[in-house]
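**Student:** Protein chains in written order, with the numbering used here: chain A, 1 to 226; chain B, 1 to 220.
Certain hints may be false.
[What the hints assert, rightly or not] Restraint ranges, calculated between C-beta atoms of paired labels, are given here:
hint, chain 1, residue 1, chain 2, residue 2, range
1, A, Pro-167, B, Ala-125, 44 to 54 Å
2, A, Gln-127, B, Leu-212, 27 to 37 Å
3, B, Asn-198, A, Pro-197, 42 to 52 Å
No wet-lab data here; the hints were simulated from the structure. Quick caveat, the model's predicted, so the values are computed rather than measured. Ideal Cβ positions, reconstructed from N, Cα and C, are used throughout, including at glycine.
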Amino acid sequence: MAVEGEVKLLGFWVSPFVFRVEWALKIKGVKYKYIEEDIFNKSTLLQELNPVLKKVPVLVHDGKAIAESFVILEYVDETWKQNPLLPQDPYHRAVARFWAKFAEEKILEGAWNALCSQGEEKQKALQQTIEAMEKIEGELEGKQQFFGGENIGYLDIILGWISYYLPVWEEVGSMQIIDPVKFPAITAWINRFLKHPVIKDTLPPREKMLVYFHQRSKALGSTSHG
Amino acid sequence: MAEEVKLFKTWSTPFGLRVVWALKLKGIQYDAIDEDLSNKSALLLQYNPVYKKVPVLVHNGKPISESLVILEYIDETWKQNPILPEDPLEKARERFWAKFNDEKLLPSIWDAFTKEGKEREEAIATSLENLKFVEEELKGKIFFGGEKIGLADLVFGWLANLICVFEEVTGFKIIDERFPVLLAWMQEFLELPIIKDNLPPHDKLVIKYQALYEKYHPAK
């Protein structure tokens with residue numbers, strides 16, 4: 001039985017959080033209309049659809065808005081049952097959710113802080129991020145193709161930014177987090193993830209990303225001190 | 001097959017308390033282990049090696065950490081008295097507000113409690129903005145979950161028993177008459193038997209948070 005209702009996605013061209021939702025929708029073959037939002041000049045539409053946080057992504061399904069990428073992902077998984085993202089078993093679901101939260105707090109935030117800071121602050125952020133990455137490496141050891149098993153799942157999508165954004169941040173921030181010698185499982189996962197037919201055609205342009213994150217890291221770096 | 005449920009927590013942690021409420025709501029028998037965080041047990045470190053924090057739920061030997069992850073696990077494992085609705089959109093709403101509490105509201109109020117000077121002023125302003133959103137969400141409802149409590153109520157539940165403690169310790173009333181709907185919710189929530197029968201002792205909380213407050217605001 002087909003799911004009714006028009007699907008729209010409010011996004012920003014370079015947001016890794018928006019890409020999570022696009023990957024999920026595409027994996028499930030859900031047709032959607034993408035609406036670009038300028039987050040530096042927020043529209044009334046965004047303020048209507050996400051009045052509390054005023055951020056993208058916002059998924060609009062049959063006129064109802066859902067915000068926060070983690071929340072949207074679970075909504076998508078529960079609404080469109082084909083190609084399930086989360087496992088069936090409650091314990092395995094809990095494990096996936098646990099690592100998603102961990103990676104968001106320790107790796108994403110850590111890498112971003114490392115990108116936008118200098119000196120001792122940067123070194124500290126880098127060290128914390130690498131330590132956190134070690135735990136994810138441990139999680140991947142002995143797994144099949146992806147965190148989700150044979151196919152891409154919830155945790156692959158949540159961590160997907162590591163495959164494509166993190167190398168850009170490393171370049172912009174003159175730092176190394178993914179050492180292939182230290183993280184062989186993650187390195188192999190990155191290559192498989194980027195080769196996936198849905199993922200490889202759903203990525204932002206790398207050159208534009210380099211320019212964007214260079215500008216952002218400078219802007220945020222100069223305001224974070226003093 | 002005998003079922004074994006253990007909950008590692010502390011006597012005062014609001015994150016552990018929300019799990020207690022969920023277990024009680026569903027009538028699940030469990031062993032509570034109150035930890036001393038300055039001297040963590042070997043078992044806790046074994047069950048939560050990543051964060052070394054409470055709460056940790058252990059179900060038939062399998063550990064689950066992070067309170068929101070635990071609450072979803074409990075709801076998916078024991079189906080009676082659900083804390084999440086069936087409808088995916090309503091579920092998304094509960095999860096959004098649970099996240100809002102943990103990532104925005106609670107940290108802003110904690111900053112208002114612990115910081116000084118300009119940072120404190122900013123934290124208070126942010127807390128009030130956050131509380132306004134919560135007030136708006138509650139309008140027209142008894143609980144966040146509607147007629148019955150759900151995930152968001154359990155997660156916001158710390159407001160019902162800890163805000164008065166903060167207010168007593170600091171002498172500053174943050175949830176005042178500007179938030180009539182929230183105040184009414186707090187009263188309704190506290191009147192529920194599974195809540196009021198499962199609260200840490202108020203006097204003990206005041207002593208604890210008074211000591212913490214003095215730590216963050218040393219007398220000059």
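**Student:** If a hint holds in the structure, say so; if it does not, say that too.
**Tutor:** Comparing the hints with the structure gives:
1. Pro-167(A) to Ala-125(B): 44 to 54 Å: At roughly 39 Å between Cβ atoms, Ala-125(B) and Pro-167(A) fall outside 44 to 54 Å, so the hint is violated.
2. Gln-127(A) to Leu-212(B): 27 to 37 Å: holds, 29 Å
3. Asn-198(B) to Pro-197(A): 42 to 52 Å: holds, 51 Å
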